[in-house]
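Protein sequences, first through last, are from chains P and X.
One point on numbering: in numbering that gives the first Met the number 0, the residue at position 23 of the first sequence is 22, and numbering is uninterrupted.
One point on numbering: in numbering that gives the first Met the number 0, the residue at position 24 of the second sequence is 23, and numbering is uninterrupted.
Quick caveat, the hints were computed from the structure, so don't treat them as lab data.
Positions of the beta carbon are idealized from the N, C-alpha and C atoms, including for glycine.
Treat the hints with care, since some could be wrong.
[Said to hold, decoys possible] A partial selection of chain P residues facing chain X, derived with a Cβ cut-off under 10 angstroms:
hint	residue
1	Ala53
2	Ser57
3	Ser58
4	Leu59
5	Leu62
6	Glu69
7	Ala70
8	Leu72
9	His73
10	Asn94
11	Asp95
12	Gln96
[Said to hold, decoys possible] Pairwise CB distance ranges (calculated):
hint	chain 1	residue 1	chain 2	residue 2	range
13	P	Asn84	X	Ile84	15 to 25 angstroms
14	P	Glu81	X	Phe80	12 to 22 angstroms
15	X	Ala142	P	Asp95	41 to 51 angstroms
16	P	Glu81	X	Ser63	41 to 51 angstroms
17	X	Ala185	P	Ile66	39 to 49 angstroms
[Stated by the list, open to error] For lysine to aspartate or glutamate, the following DMTMM-like pairs were computed, each having C-alpha atoms within a straight-line distance of at most 25 angstroms:
hint	chain 1	residue 1	chain 2	residue 2
18	P	Lys14	P	Asp93
19	P	Lys15	P	Asp93
20	X	Lys47	X	Glu36
21	P	Lys14	P	Glu69
22	P	Lys15	P	Asp95
23	P	Lys14	P	Asp45
24	P	Lys14	P	Glu76
25	X	Lys47	X	Glu177
26	X	Lys47	P	Glu74
27	X	Lys47	P	Asp45
28	X	Lys47	P	Asp93
29	P	Lys14	P	Asp95
30	X	Lys47	X	Asp158
31	P	Lys83	X	Asp83
32	P	Lys14	X	Asp83
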Amino acid sequence: MSPNRVRRASRDLAKKQLELLGTVTGVQSAVLFSADGFEIASHAADTAAASRLAAIGSSLAALGSAISAEAGLHEFERTTIESKNGTVTIMRVDNDQAMSLAVVAGRTAVLGQLLWATRHCCQALARLIHE
Amino acid sequence: MSTVDDGEFKIVFTGPMGAGKTTAIAAVSEVAPVATEVANSDLIAHTKASTTVGLDFGRITLASGQIVHLYGTPGQARFRFMWDILGRGAAGVIVLLDATQAGALVQMDMFVDAFLPLVPSGALVIGLGRTTLPGALGSEAFAARLGARGITAPVFSIDARQSRDVFLLVRTLACILEAQANAEAAA
Chain P
0 MSPNRVRRAS RDLAKKQLEL LGTVTGVQSA VLFSADGFEI ASHAADTAAA SRLAAIGSSL
60 AALGSAISAE AGLHEFERTT IESKNGTVTI MRVDNDQAMS LAVVAGRTAV LGQLLWATRH
120 CCQALARLIH E
Chain X
0 MSTVDDGEFK IVFTGPMGAG KTTAIAAVSE VAPVATEVAN SDLIAHTKAS TTVGLDFGRI
60 TLASGQIVHL YGTPGQARFR FMWDILGRGA AGVIVLLDAT QAGALVQMDM FVDAFLPLVP
120 SGALVIGLGR TTLPGALGSE AFAARLGARG ITAPVFSIDA RQSRDVFLLV RTLACILEAQ
180 ANAEAAA
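Here chain P stands alone, though its shape is the one from the complex (with noise of 0.2 angstroms):
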């Protein structure tokens, strides 16, 4: 999905969905990014952090993908970095691979309520991006 095709109104009701994951515990930032490393929307990250998250959440999705086609393992759905102050979660938002969400949280979110909230706003994004 280009980022260009997204219309408008679905980009400001995506940048509502990331608002909605910035009220949980712990997460700083969120950025929605096409499979090629676009940003199509974000909360919380200024307008060059924004585009580096996008191409760095692309490469981390793309290699995602081919060390999960390297495994024999069906197709890639997230991977978490952990750092020693935080995480950053890449996860796909629909089917076809054509966007990922990256979300930024630090120490005090819990790792199985961040997991949960993004899996719930990737849901809600696929279903607002392809209506």
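Dock chain X against the given chain P, drawing on the hints supplied.
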């Protein structure tokens, strides 16, 4: 880090979007190549259907017995962080360019400037694609551009789909590295 002396080393294929990096690695790799291609939504940058956003990986064994790991980079500048990751530890760099692109000379400068600092050997080979098409720049223009900047590198006209052409680039790079190793041994 592996070195040329160990008989196993890494080289990087880089260059702009659509230059043939993924194709070149697939053309020569003796193992099933790893690719990270996704749908291309940036049709202004290039009209092709898919684009690499992570890395390409392949492997070949040269007649000398040396094993060469081939890494391909994404072409767009927004993936520059991958250039730095992939360039680190590389023995040499192959820059692929589309000779019909108006900005091919500037693109060459950009990739050479991005990768040479990452590669201590400075070993560089340029592969020009689509040189037989109308409007293509000749290889002399690229050689002159490098020469004016004090950079010595062989420039070849290639078809990235042809394994013999891609082998030529890799073998040339291996020869440059071998010549450097011999010069160091003699010094």
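Q: Using 10 angstroms as the Cβ threshold, decide whether P/Ala70 counts as touching chain X.
A: Not OK, violated: P/Ala70 not within 10 angstroms of chain X, min 12 angstroms.
Q. Regarding P/Asn84 and X/Ile84, is the given constraint of 15 to 25 angstroms on their beta-carbon distance met?
A. 22 angstroms, holds
Q: Using the Cβ atoms, figure out if X/Ala142 sits within 41 to 51 angstroms of P/Asp95.
A: Check passed, 44 angstroms falls within 41 to 51 angstroms.
Q.
The hint names P/Leu62 as touching chain X; please verify it with the least Cβ-Cβ distance against 10 angstroms.
A. Holds - the Cβ of P/Leu62 comes within 10 angstroms of chain X, reaching about 5 angstroms at its closest.
(Q) With the threshold set at 25 angstroms, check whether the alpha-carbon distance from X/Lys47 to P/Glu74 stays at or below it. (A) 24 angstroms, holds
Q) Was the hint right that P/Leu72 lines chain X, CB cutoff 10 angstroms? A) 15 angstroms, violated
Q. Does P/Asp45 lie within 25 angstroms of X/Lys47 when you go C-alpha to C-alpha?
A. 30 angstroms, violated
Q: Have a go at the P/Ser57 hint: is there a Cβ in chain X nearer than 10 angstroms to its own Cβ?
A: Check passed: Cβ of P/Ser57 comes within 5 angstroms of chain X, closer than 10 angstroms.
Q.
Check whether the Cα positions of P/Lys14 and P/Glu69 lie no farther apart than 25 angstroms.
A. 34 angstroms, violated
Q | Hinted pair X/Lys47 and X/Glu177, Cα distance within 25 angstroms | A | Status violated; Cα separation ~37 angstroms.
Q: Answer holds if the nearest beta-carbon of chain X is closer than 10 angstroms to that of P/Leu59; otherwise answer violated.
A: Holds, about 8 angstroms.
Q: Decide if the proposed pair is consistent with the structure: P/Lys14 and P/Asp95, CA atoms, cutoff 25 angstroms inclusive.
A: 21 angstroms, holds
Checked against the numbered hints above, the structure violates hints 7, 8, 9, 10, 21, 25, 27, 32; every other hint is satisfied.
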